[in-house]
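So the sequence lines, in the order shown, correspond to chains A and B.
Heads up: the first sequence begins at 46 in the numbering used here, then just goes up one per residue.
Heads up: the second sequence begins at -16 in the numbering used here, then just goes up one per residue.
Any given hint could be a false lead.
Said to hold, decoys possible - Straight-line Cα separation of at most 30 angstroms, DSSO-like style, residue types lysine-lysine; simulated pairs:
| id | chain 1 | residue 1 | chain 2 | residue 2 |
| --- | --- | --- | --- | --- |
| 1 | B | K151 | B | K178 |
| 2 | A | K358 | B | K329 |
| 3 | A | K312 | B | K329 |
| 4 | A | K167 | B | K329 |
To be verified - Calculated from the model, a selection of chain B residues having no Cβ within reach of chain A, i.e. all distances over 10 angstroms:
| id | residue |
| --- | --- |
| 5 | R106 |
| 6 | E130 |
| 7 | T131 |
| 8 | L132 |
| 9 | A160 |
| 10 | R314 |
| 11 | R318 |
| 12 | L333 |
| 13 | D336 |
| 14 | E359 |
Claimed, not checked - Output of the computed footprint for chain B on chain A, the stretches with three or more beta carbons under 8 angstroms from beta carbons of chain B:
| id | region |
| --- | --- |
| 15 | 226 to 235 |
| 16 | 247 to 257 |
Since the hints were derived computationally from the structure, they do not count as laboratory data.
Here a beta-carbon is modelled for each residue, glycine too, at the ideal position from N, C-alpha and C.
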Amino acid sequence: MRATRILYLLLREAGIGLALVIMALAFSAFAPRFASMANLTNILTQISINTVISVGMTFVILLGGIDLSVGSVLALATIVGGLLITREGLSPGAAISLSVVGSALTGCLCGLFNGLVSERWKIHSFVVTLGMLNIARGAALQISNSRTIFEFPDAFNEVGSATFLSVPVIFLMALAVVLVGRFVLARTVFGRLIYAIGNNEEAVRLSGHAPSRYKVAAYTACGGMVGLAAVMYMMRLNIASPILGVGFELNAIAAVVIGGTSMSGGKGSMVGTFLGASIMGVLNNGLLLLGMGDFARQMVTGLIIVVAVIIDKYRARAFARIALAPVPAQGARAEEAAR
Amino acid sequence: MDPPAHGAPDHIIEFRGITKRFPGVLALDRVDLDVRRGEVHVLVGQNGAGKSTLVKLLCGLHPPDEGTILLDGRPYAPRSALAAIRAGIRVVYQEFNLLPFLSVAENVFFQRLPRRLGVVDVRKLHADAEALLAEVGLDVAPGTRVETLGVAQMQLLEIAKALSTRSKVLILDEPTATLSPPEIRRLFEIIARLKARGVTILYISHRLQEVFEVGDRITVLRNGRRVDTLAARDADVPSIVRLMVGRAMGSEYPFHAQVIPGEEVLRVEGLLPQGARHAISFSVRRGEILGMAGLVGSGRTEAMRALFGADPRAAGRVVRDGREVRIRSPRDAVRNGICLLTEDRKAQGLILDMSCTPNVTLTDLARVSRAGLLREAVERQEAQALVDELDVKTPSLDQLVRNLSGGNQQKLVLAKWLFRRAEVLVCDEPTRGIDVGARFEIYELLWKLAANGKGIVLVSSDLPELMGVCHRIVVFSNGRITADLPRSAFSQERILEAAYQEYLQGRHAAADAAAPP
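Kindly produce the complete structure, drawing on both the sequences and the hints.
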């Protein structure tokens, strides 16, 4: 009994990590180039952007909301950043700083809008962010005249391809974002309230809090993460374009969901999200190395999302049965003893 | 027993020794009851007397644990609501069950829309509906959308719906609760017409006055037992109230009389919850447990929620320790030392899928954090201290609250407000659904809190509980406070009389509402 319980606890906590390891081992066995240093670096770079967006998305989904606008906001943030960084008459240092601040602020403002509108008029975030998806994309096309912006300062571009101890700097940035996100969720009052609101907003309100403030803050944080992802994107590809980021919201949602966060809110973790994003990256890369075409890969990725959620359901049920069943009984015994 | 007046009256429904238990509650206790064909039979009783359980057995929502029900002399054991409808028994509940965006006719025949070649035959639908609407006196076109109807019209529509299946027995649950006097009059005419057609009506109401007007016989239930069945013409309000109350209860609440109430800790003046018709005023002193009695729906919960800022209010002043405070949200209330233990602890009081610690500290996270960072060791220590103090039985602080028993969940709700160091505790039905042992522990806690100088407001529908626990009781009736009784004046009769007061004068009250003072 005890052994099975421990096994299930392990599975619950490490289930996604285990899946990632098995997947990586399998690819290493069948695709010789998978485990090469160059390829691993490649994977880390590829998952960085999605990871940062997914961290923001985790805040929103933990609240029971959703943000469909992240891809468009990313494009808008690159345009704002791109216009600022290419302004004439600025020193490279000033241009870069201005651009980073501009992108981040653009993201935050879009997130703030999403949060304020959905809270003020009690509109589901699905609808508000669907609106923002179009607003931001339109704004990006409008202010850029639908042109791609490039020719950024070299110092900026170099960060995108730099490595530290052969780990891409851009991945280290993403990792830092994950760790900060984890810290915020697990250790701060804000994080505690995010979980609490996602579980039972009315109880939080009746305990003397104003949930709207925290919700708006979470949407703003999500926007801020997207702004940051935009900066990383510009560093990596050295362009700003109004048409990039299409479909990014779906990759981020997929990473969060594969990572075990419940779409109805209140349950999930940052580490899970990171592993979810990693699984998507490894899968994509591994299947490519196995020679699978774009279309087939898309199908497999879609299937994996659904399967991951199904497995998570079973795991949760098994966990509830094995790990929790004895506990109420213990409680009942304690009560009997107390009588 | 109810001896038949002559030979063998024609009974459409007979309950024989019906017993029904719910966890911790004996809802019906060996009830024998006959309903005669074509009569209007009224059920009265206090909250929890067993009226609604009886109805639920009839309409197939629960099976009885013991005993049998006979319908037309044959055993009747419906397995579902649908089976009850097929057997000719229909209920019109207080909450309507209508589809607002469909037409009146579609609602009436929702389950059996007339079809031709698979397409709804609108002409036949409307013709059939018109006949039924005429029968209940509902004067609207069959194509009208239900959302545009008034409450009284919806009520009639529900009755038309019930008649569409050629019901033999029609159960009306508090049908006049939301109706104006002319509408009530109309309803009574329709009831008389249905009766003339041979429909048997089971009528449940809190408004004692009207039951004499509409009913043929009245059955009084108390604590799950049938106390008596009287002919309406032989009964009057006092005799019915006496039967509802029964004899005095035992002394299961050792009252702690040594607590002497001190300074006024909370005064509420002219509090008017949004949508309410009457403003209410009351005050609580330190060390005092103030009870709030009244029927379900008499406005106590609404008043308490408005006081706490949980629901908006139209007017009212709140004075705390002699200083007027502005409360527009629960946040304001909590900051001013007022807390509310809500009626529904699972949906509103606790976060069931989180463990004990965060539930306790949720009310005052500032106390267990520094610069926005949680201090987990301090937090656990504080939570543990309260869990120990209140003797919450949980294997560990990490246990999910969902897995605790009802009594322990309620103690945890108390713990979270003790953690906030609230000065005024408003407890709405804190012992509902809790077993006797845990109940008593909660009373002890309330007494202890009062002894420590807190002001406590206890809303309860359990009269013996209120009389056993409180220093003073105010009685709500139809949104007004109709009595303010010190402990020396407690009596079930007085409290019930005050609780029914505004319903007995239902006509006047409704007239008042039309022209506010």
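Checklist entry - Failing hints, ascending? => result 10, 11, 12, 13 and 14
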